[in-house]
Amino acid sequence: MNQMLKKYLSGALLLALAVPASAMADDEAMKLKVDELTRKVAKLEDKTLSKWLDIGGDYRFRLDSMRGQTKAYTDANGTFTNAANTLQGNFFADPTGPTLAPGLNAGMLSGLMGFSNQMKTTTTFAGAQAFLQQPATQQMLGGLQNFAQQVPAYKPNNDTLYTNRLGIDLHAKATKDVTVNVRLVAYKTFGSQDDSAVTNGGSTPFFADRVGTFDGTLGHVPSSSLLDVDRAFATWANIADQPVWFSVGRRPSTNGAPSNLRMNNERPGNGGTPALLVDYAFDGMTIGYAPDIDGLPGAYAKVCYGRGFESGLETTSNSLNDTDMLGVAIIPIDTDPLRISMQWNRGFNIFDFPVMKNTAFGNTAPSTALGDIDWYEIGALSTIKNVGPGKLNFFADAGLSVTHPNNNVSGAAGFQGLMTGAFFNPEAPSDKTGWAGYLGARYDFEPTKTKVGFEYNHGSKNWITFAPAADDMWTSKLGTRGNVYEAYLIQELGLKPISSHLSKAFFRVGFQYYDFEYTGSNNWVGAPVKIADIQANSMQMLIPLEKAYDIYATFEVKF
Amino acid sequence: MPLSTTHDPCLQGDGLVIPSPCRPEKRKTQMKKMVSFMAVLAIVAASLFGFSKAAQADEIKFVGVITKIEIAGKDAKTATATLKDNKTEALIVITVNDDLTLDKFKDHRIVEGDEIRCKYEVIDGKNVSKLFRKTAGC
Numbered sequence: 006m007n008q009m010l011k012k013y014l015s016g017a018l019l020l021a022l023a024v025p026a027s028a029m030a031d032d033e034a035m036k037l038k039v040d041e042l043t044r045k046v047a048k049l050e051d052k053t054l055s056k057w058l059d060i061g062g063d064y065r066f067r068l069d070s071m072r073g074q075t076k077a078y079t080d081a082n083g084t085f086t087n088a089a090n091t092l093q094g095n096f097f098a099d100p101t102g103p104t105l106a107p108g109l110n111a112g113m114l115s116g117l118m119g120f121s122n123q124m125k126t127t128t129t130f131a132g133a134q135a136f137l138q139q140p141a142t143q144q145m146l147g148g149l150q151n152f153a154q155q156v157p158a159y160k161p162n163n164d165t166l167y168t169n170r171l172g173i174d175l176h177a178k179a180t181k182d183v184t185v186n187v188r189l190v191a192y193k194t195f196g197s198q199d200d201s202a203v204t205n206g207g208s209t210p211f212f213a214d215r216v217g218t219f220d221g222t223l224g225h226v227p228s229s230s231l232l233d234v235d236r237a238f239a240t241w242a243n244i245a246d247q248p249v250w251f252s253v254g255r256r257p258s259t260n261g262a263p264s265n266l267r268m269n270n271e272r273p274g275n276g277g278t279p280a281l282l283v284d285y286a287f288d289g290m291t292i293g294y295a296p297d298i299d300g301l302p303g304a305y306a307k308v309c310y311g312r313g314f315e316s317g318l319e320t321t322s323n324s325l326n327d328t329d330m331l332g333v334a335i336i337p338i339d340t341d342p343l344r345i346s347m348q349w350n351r352g353f354n355i356f357d358f359p360v361m362k363n364t365a366f367g368n369t370a371p372s373t374a375l376g377d378i379d380w381y382e383i384g385a386l387s388t389i390k391n392v393g394p395g396k397l398n399f400f401a402d403a404g405l406s407v408t409h410p411n412n413n414v415s416g417a418a419g420f421q422g423l424m425t426g427a428f429f430n431p432e433a434p435s436d437k438t439g440w441a442g443y444l445g446a447r448y449d450f451e452p453t454k455t456k457v458g459f460e461y462n463h464g465s466k467n468w469i470t471f472a473p474a475a476d477d478m479w480t481s482k483l484g485t486r487g488n489v490y491e492a493y494l495i496q497e498l499g500l501k502p503i504s505s506h507l508s509k510a511f512f513r514v515g516f517q518y519y520d521f522e523y524t525g526s527n528n529w530v531g532a533p534v535k536i537a538d539i540q541a542n543s544m545q546m547l548i549p550l551e552k553a554y555d556i557y558a559t560f561e562v563k564f
Numbered sequence: 794m795p796l797s798t799t800h801d802p803c804l805q806g807d808g809l810v811i812p813s814p815c816r817p818e819k820r821k822t823q824m825k826k827m828v829s830f831m832a833v834l835a836i837v838a839a840s841l842f843g844f845s846k847a848a849q850a851d852e853i854k855f856v857g858v859i860t861k862i863e864i865a866g867k868d869a870k871t872a873t874a875t876l877k878d879n880k881t882e883a884l885i886v887i888t889v890n891d892d893l894t895l896d897k898f899k900d901h902r903i904v905e906g907d908e909i910r911c912k913y914e915v916i917d918g919k920n921v922s923k924l925f926r927k928t929a930g931c
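Order-wise, the sequence lines are chains A and L.
In terms of the working numbering, the first sequence opens at residue 6 and continues consecutively.
In terms of the working numbering, the second sequence opens at residue 794 and continues consecutively.
It should be emphasised that the hints constitute simulated quantities derived from the structure, not laboratory data.
Please note that the accuracy of each hint is not assured.
List time: in silico EDC-like cross-link candidates among lysine to aspartate or glutamate, alpha-carbon distance up to 16 Å [said to hold, decoys possible]:
hint: 1; chain 1: A; residue 1: Lys178; chain 2: L; residue 2: Glu905
hint: 2; chain 1: A; residue 1: Lys501; chain 2: L; residue 2: Asp900
hint: 3; chain 1: L; residue 1: Lys923; chain 2: A; residue 2: Asp379
Next comes chain A alone, as it looks inside the complex (with noise of 0.2 Å):
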């Protein structure tokens, strides 16, 4: 019995001995298998898109319902045309003729012919002076008023103009500290692949930064379904451990802050250009800085270089200059209860026209350079929570802009210069100051995710801007030479976002109130005339408008 028990015990002691044992090796085996896992999770992330790839977007779809309401006066490209056709017609119909006169039909259209092409290659103050004081050019003004287009005063509207926009927004990691960042938009309206619902379709056009589409202007005027590379740069990070950043491409320099609140975008961020200096979608780069100051949170500052036209290789034929754009950006405090900015900007060698295609005077391209322009930009920008059962934003900003002429004038555009002259009278240069407001505030009530909003800007006489990117249908609201009122409601459908947190669904109805004050809005050739000083012999290029209405719709989806 008792050895057995003793063998029964034995027994037990080895089992008991053995279960931690066998326990281990099993402990061990998970622990092999876990680790296995791990390692197969981990490169499995590491090959995820996600990881290095964000993709999101928006579309819109926007009903716009525009009214306006011009002043009487003669057009300048009108004139010509109808000159060239009369005296076009009388030659071929008589190539001799007439018999009164033999050979006066040709002499007269090649009278014409030549005018035109001397007035395109009169670029400098002095050479438009001599010109004009020519005989045969004092007699050809007095035969172009017989063939003078006055165009009596009328209202032009359009009740329906529908658009649709897609914009596609990538960003990607492609190694520590440097990033991609693209935008491809495609921006056309409803039953057109051009730009003629905004320009006026071939007629005389209303503002200079819609005569046509152009570098800075694709993807934010509507034109087409193409598909445009709207934003497209590489950003350095972190250099040399600091807070530093060199960034290049085709810039975020369009939408800037505050115009984020009316199109209920998130903030700009480090990115951006104040909207009331600029909002053009440049191909430059910028050097930045963001050091962590104690008593100014957020802060950063940078400089930024544009380059806003090409000139090309300089040749016998061809002595034109770039037009660049150097920016300093200042921003001392950036949080959400205050956004404070400051920016200097300077455009050299600023161009008469953008390149163009098919506008009402044809395709365009720069004949000369008209000087130079300097911008200064401060604005404060606030978001205030708990304002009720919602937040308040609201904003200010003030600008100033000073032009420098210099000794050109261009001849395309009847001798006027940078803010200088008008059609067939040039003006001496000499430098040229504006200022603008542009205030506004929006109401976020969170409870129906409504957000309501109101913006008022004014533009003095001499008041320009570099903004024909903005996402007014008219012309860049922000470069008006008078005053602009906007109201606005937002609904957001608030909906459970999935694309990613950001995502939404919302309608926005507004109403803009153009009042203008002077001409050239948004065009820095020829001077300013008052709006009520417009006569009907007054000759200008664009169909001077004395206000106008716009009342848009939206529905959009960012994703």
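For this one, chain A is given, so just place chain L on it according to the hints.
Chain L alone, transformed into the frame defined by chain A:
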């Protein structure tokens, strides 16, 4: 200086020690005590100064990518963010208490995957954020 009433041939009157040339041993003791006291005072001052220097040196800066954000609801007054240090690849848990950063967590302006420039102090064993900012660039 402590008073002494031990029997002493120099004691006079009520027995208080009278500083006197007739008591050179007592003066030496007092000097020693004064020197000792001054030495202790100097050591304490040096320690305090050294401690405060060490406290400033506790501010640590790094750049890292957020791997996790934990925040308890839209009324939370604090949150923790785990960041992977770009240089060391170590995971660092940061406690965030400032309203502006918490707001950005709540409305997803700062999310997992964002690269952050962070400065923190170690307080009561926690890495408390002093600066929590997306890497600048654009």
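Hints, one by one, checked against the model:
1. Restraint check for lysine 178 of chain A and glutamate 905 of chain L: the C-alpha separation of about 14 Å stays at or below 16 Å, so the hint holds.
2. Among the hinted pairs, lysine 501 of chain A with aspartate 900 of chain L is consistent with the structure: their alpha-carbon atoms are about 13 Å apart, no more than 16 Å.
3. Simply put, lysine 923 of chain L and aspartate 379 of chain A have alpha-carbon atoms about 39 Å apart, too far for the 16 Å limit, and the pair is violated.
In terms of the numbered hints stated before, the structure departs from hint 3 and from no other.
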